Amino acid sequence: MYEAMTASVTASMPVSESAYGFTQTDIEGQALFSLPFGDIVNFLTPYTAVLFVFALTFTIIALISKPERQVDTVMGGDAYYTKDISRETLRFQRFMAIACGLATMGGIMAGDVFNFTLFTAFIGITNIGIVAAVKNKHILDNAFEYGLLAMIGTLPLFVGAALVLATTGTLSMWILFTPEVAVPLFAKLLLVIGVIAEGMAPVFVAKAEITRAPGAPYILMVHVSSLLIFLRVIEIVISM
Amino acid sequence: MMILLYIIFAVIVGLLFHGIHRKVIARIQTRPGPPIWQEFLHVMKFSFKQTWIPKTASKVLFVAIVPAVIAIWAGALYVLFTGGSLLVIFGVYLLHKITEHGLGLSSGSPYGKLGAIRSVLSAASEIPLIASIAGIYFVTGSLMISDIVAYQADHGILLITALPIALAMYVIILSKVPYSPFGIIEAKEIVSGNKTEHFGAFRAGLEVGFALKTFVLLAVFVTLFIGAMPFWMLLIASLILLLTMSFICALTPMLSPYDAVTIQIGVIIIVIIYMAFIAFAGGMP
Amino acid sequence: MIRKETEKKISKDQAKAAALISAIICITASALAFTGHINGWLGAGIVVVAFPVFVLSLFTALRESTKDGDYPFVGY
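If you read the protein sequences in the order shown, they are chains A, B and C.
With my numbering, the residue at position 81 of the first sequence is 120, and numbering never jumps.
With my numbering, the residue at position 43 of the second sequence is 551, and numbering never jumps.
With my numbering, the residue at position 64 of the third sequence is 143, and numbering never jumps.
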């Protein structure tokens with residue numbers, strides 16, 4: 040199967056035969072596992088394996104953990120109250136958190152730039168879902184603004200993938216990571232900008248309204264997914 | 509190698525480093541200070557305390573986040589000593605940010621939540637800072653720690669040839685040592701920040717994880733920017749690095765969150781100018 | 080959603096057993112990796128998972144008493 044994949048790719052790509060041994064191991068170590076689908080090879084290196092295990096752990100935590108009941112102080116007094124989550128909200132948020140975890144694992148496993156951008160867009164959508172489930176004006180405002188940002192971010196993300204395809208003729212990371220293929224810096228930049236816009240945590244948490252939402256473990260999945268996908272795009276950009 | 513012995517040794521040395529750090533800060537501030545084994549006493553004290561999970565907490569997450577902190581840094585220690593990929597350690601640093609965040613969110617306490625939000629706020633500047641290790645890749649052509657060590661044996665130490673990147677890493681480690689001016693996530697105006705509700709056995713576990721973290725970060729800096737050395741010299745170099753940080757921690761107040769982020773962004777700008785200089789000047793400096 | 084107030088608690092004996100088992104796993108895995116019976120990264124992976132369990136269950140076994148949970152600290 041692997042030989043067949045190599046043959047079919049070499050037929051279409053002007054790259055030397057030796058490039059398919061995944062010889063460039065000076066960035067993240069030797070690949071541990073690979074699963075070829077045609078010229079798309081899904082693979083795990085020690086680096087992505089660590090990220091994958093972490094994403095899996097937090098997805099399982101989101102699956103089995105009950106949500107926290109956030110304690111808030113009443114302004115101007117010394118009373119406080121706890122926020123309970125209704126069963127419907129809990130079910131929807133839990134579904135979205137698990138979908139978010141699955142999308143993160145997909146993005147980490149992806150061996151193809153387009154699959155990666157697609158999973159990143161999924162993460163953006165599920166993040167909106169997690170936040171928008173809470174029926175509170177401030178949080179819904181925040182979810183709307185985040186939705187706008189994610190929509191805008193999708194453009195550079197997919198344009199980046201399209202530029203990679205247009206300039207190199209392939210989207211398979213297995214080929215793009217070899218030194219023979221050069222990817223323009225602009226395409227890499229667009230990919231990073233797209234991921235920053237889709238991933239909520241680093242830029243958008245400055246609007247801390249989402250923390251009015253009862254947080255763990257669902258709001259946490261927003262940050263888990265966006266930081267992990269950021270780690271993955273750094274790896275892709277350096278390796279390409 | 510006996511990975512378990514290395515981990516236990518690193519925990520002991522990390523706790524001792526924390527104790528020395530506190531002692532040096534105290535002496536600079538003309539206080540007697542605690543004995544240097546104070547952090548061992550802390551861990552023992554916390555482990556004998558009454559322990560429960562708050563009623564408002566997300567229970568599984570509240571407990572699971574503590575072993576997660578220890579596990580990621582134990583993994584980073586293994587990667588460091590086997591000369592693995594620097595990218596994994598960069599990854600572990602970001603996973604640590606997630607655990608800090610989960611630590612604060614899981615309890616339901618407003619103080620923990622504020623600490624968690626500050627953790628993500630500071631991620632906006634700490635992620636680009638640590639992404640500057642990509643600059644090491646442009647200088648050395650590799651991100652495997654063993655290759656970087658070999659490069660320094662041939663071309664001189666990176667602390668001199670790639671000073672701005674070393675500066676960025678220094679600020680990163682400085683923002684992670686206790687009592688740091690950048691330690692906004694556990695500032696005293698929010699009680700203990702994200703650690704507020706983790707007491708008793710959980711806090712003892714966290715102290716173990718943070719000791720591992722301090723040891724690994726210091727050893728990574730020494731290995732990356734000064735190079736390979738015998739193990740006892742690694743310990744001494746880490747200690748000297750920590751002492752420089754103790755001076756900074758003793759002499760500066762805790763910054764406000766926005767000031768901390770602004771200063772870190774200033775360092776990022778220096779690194780970006782440096783990397784642009786490398787890119788346009790062509791090749792290594 | 081109202082939660083049931085009766086939560087399962089880990090007894091000291093269970094925590095001691097968990098600490099003992101995870102300690103044995105840690106020592107066995109690192110010893111096997113040292114002698115070369117299993118791969119180094121596999122041994123490290125097992126230790127990395129089992130060591131935090133050991134630390135936490137040891138500290139849980141040492142703790143003073145078991146008591147019901149309380150509400151978080153919300154100020155003086």
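Take the hints with a grain of salt, since some may be wrong.
[Unchecked claim] Rough simulated footprint, nothing fancy, chain B against chain A, three-plus residues with beta-carbon under 8 Å:
hint, region
1, 86-95
2, 100-110
3, 141-147
4, 269-279
In short, the hints are calculated from the structure, not lab data.
All values reported here derive from a predicted model rather than from experimental measurement.
Glycine included, every Cβ here is placed at the ideal spot set by N, Cα and C.
Name the hints, by number, that the structure is in violation of. 3
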